[in-house]
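Chemist: Given next are the chains, with one letter for each unit.
There are 2 protein chains.
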Amino acid sequence: MEGGGSGEDRLIARFFRPIAGAGALGLRDDAALLSPPEGCDLVLTKDAVVAGVHFFADDAPASVARKALRVNLSDLAAKGAAPLGALLALALPKGTGEAWVAAFADGLGADAVAFGCPILGGDTVATPGPVTITITALGAVPKGGFVPRTGARPGQAILVSGTIGDAALGLKLRQGPNDVPFGDLDAEQRGHLLDRYLHPQPRLALAPVLRAYAAAAMDVSDGLAGDAAKMLAASGCGGVIEARRVPLSAAAARVTAGRAELLRTALTGGDDYEILACVPHAAVPAFTAEAARAGVPVTLIGETRGGEGLDVIGPDGVALDLGSGSFSHF
Amino acid sequence: MEGGGSGEDRLIARFFRPIAGAGALGLRDDAALLSPPEGCDLVLTKDAVVAGVHFFADDAPASVARKALRVNLSDLAAKGAAPLGALLALALPKGTGEAWVAAFADGLGADAVAFGCPILGGDTVATPGPVTITITALGAVPKGGFVPRTGARPGQAILVSGTIGDAALGLKLRQGPNDVPFGDLDAEQRGHLLDRYLHPQPRLALAPVLRAYAAAAMDVSDGLAGDAAKMLAASGCGGVIEARRVPLSAAAARVTAGRAELLRTALTGGDDYEILACVPHAAVPAFTAEAARAGVPVTLIGETRGGEGLDVIGPDGVALDLGSGSFSHF
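If you read the sequences in order, they're chains A and B.
In the numbering used here, each residue carries its 1-based index in the first sequence increased by 997.
In the numbering used here, each residue carries its 1-based index in the second sequence increased by 997.
Okay, chain A solo, but in the shape it has when bound (with noise of 0.2 Å):
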């Protein structure tokens, strides 16, 4: 007997093994192997992706593949964590064709390198369901530099990375692509907030700057409204956001203009991968600063209060009704 194998030793020898970092021991083992940095505690996080439920069951597998990986970075970046590794658990249908497997692959391995995450080990399986894809990453911070979501304290300021709405816009654009609002689009205004729901840009570059100046934060996945008011519930405070303050990238702000419900769509809407961060009055200038020198614009949209709850301030001055504030597949 040879020890060639089963199916799946096949399809990881053909598809994986080429994408496997050194700690992957070629994936010829029960386990991955890791040596972690001197001096460092780990952070660790996992996301699970479904079709169906969290993307498109045909949206590109490399697409598929990257999102699986983008959104576990996220939450290390978010953490003030740089990447060591990461793992993935993949169930797919039987009958899932080799070229989704190849793509899939391809995606995954192409991204490893560029987010300097290689990956290590994980396991793959079938299921009667739908494409499942589980990735747990580990991160690394200086010891005592993880960033909590419990750290703000009232009077701090509220800031927010990049743009916030384009993805759950995008995925109502891509829902409903002759809705009224999308007509006001330009093609690459179009295609830019399609490809912010597929591909969110996890904030790597802000991990020291939150380790150097935020009390507080987390990445941005359920929407804005509902994950800061988690933030300021976790940290046992209150706090505002002036919907106005919030940034918008043009496309976003030409269909919410004069729209109370895509406002709230972008207020609420979940795939943003932005990072939340409360910080110290004092230091907002010089958070802002290496901010944009790491290349990561961040924007001041409101503060942390006494007491509890979160108020997020409408464009006419009157405090949104938002419901949960977040979205929610249960």
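No wet-lab data here; the hints were simulated from the structure.
There could be a bad hint or two in this list.
Copies of one chain are not kept apart here, so a pair can be met inside one copy or by any two copies together.
Stated by the list, open to error - As a list, the in silico EDC-like pairs of lysine to aspartate or glutamate whose alpha-carbon atoms are at most 20 Å apart:
#, residue 1, residue 2
1, Lys1091, Asp1313
2, Lys1091, Asp1055
3, Lys1140, Asp1038
4, Lys1140, Asp1318
5, Lys1140, Glu1035
6, Lys1140, Asp1055
7, Lys1091, Asp1056
8, Lys1091, Glu1005
9, Lys1140, Glu1005
10, Lys1091, Glu1035
11, Lys1140, Asp1308
12, Lys1140, Asp1176
13, Lys1091, Asp1318
Keeping the supplied structure of chain A fixed, place chain B upon it in accordance with the hints.
Modeler: Relative to chain A, chain B alone:
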């Protein structure tokens, strides 16, 4: 707006926060925090299990949780590692009752305590497919202590822990409780086989003994014959296993006696979660004695050789034809 969050947040708060370890930060953050022990390498493993593929949809949820964790702990044990913690991704069909989730969390929490493997974090998502559980376990070995799958050399002893084939026979018993061979078994023996399928016993007590003596090791998850062939191929050598030496429980011995097909099931079926190790002959007495002292019986079943390929010699002295020798879902 309050920061109570989504259905997922409530599920996590109610059922998983009570079982979370210290590094989980109360499951209130984007990520978990872990200080790796000084002077250690990290060992990382990730296994996914799917209802209807790796377990029965009507299995007790506590059993499902235990198996999902234990198959990962078995990988750590085979590499000589002690558990540091685990992350869970749980994909649940809509309408999964809270009683299911509560029982699942109870089972997971009990095993996290029993095996010293705190739950550090994870993700809970909805799926239109079956329950899918992915666990990533982290372990530690003293630097350089990782026991590889690739270290076997010709002329070493092949040993296996515990007994082989119980789980695969337990699965057959479950699928055909009235099949003739199982008529020979008493209630206790039937219970033994069924339990071995449901509740693997990760051999964590063997980890330090493997580090001290084993040139190569792996856990037997996809069938003894196929996994042994894999380890030999990874090590670049061949070998022979004598079926008559393979340790069988009283129940397995009874149902396989004179039934070549069931002996094949025992030798090639999955879910043993025992440890297969290659040990230099001179070290076999010490390895065996220390394993016994650790509460884990190990049995000499064969020998590595030069060349390639694994021969499994049947009870009549003739090499068995076992096909691929292992179980595959693909």
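Chemist: Tell me the numbers of any earlier hints that the structure contravenes, in ascending order.
Modeler: Those not satisfied are hints 1, 4, 6, 9, 10, 11, 12 and 13.
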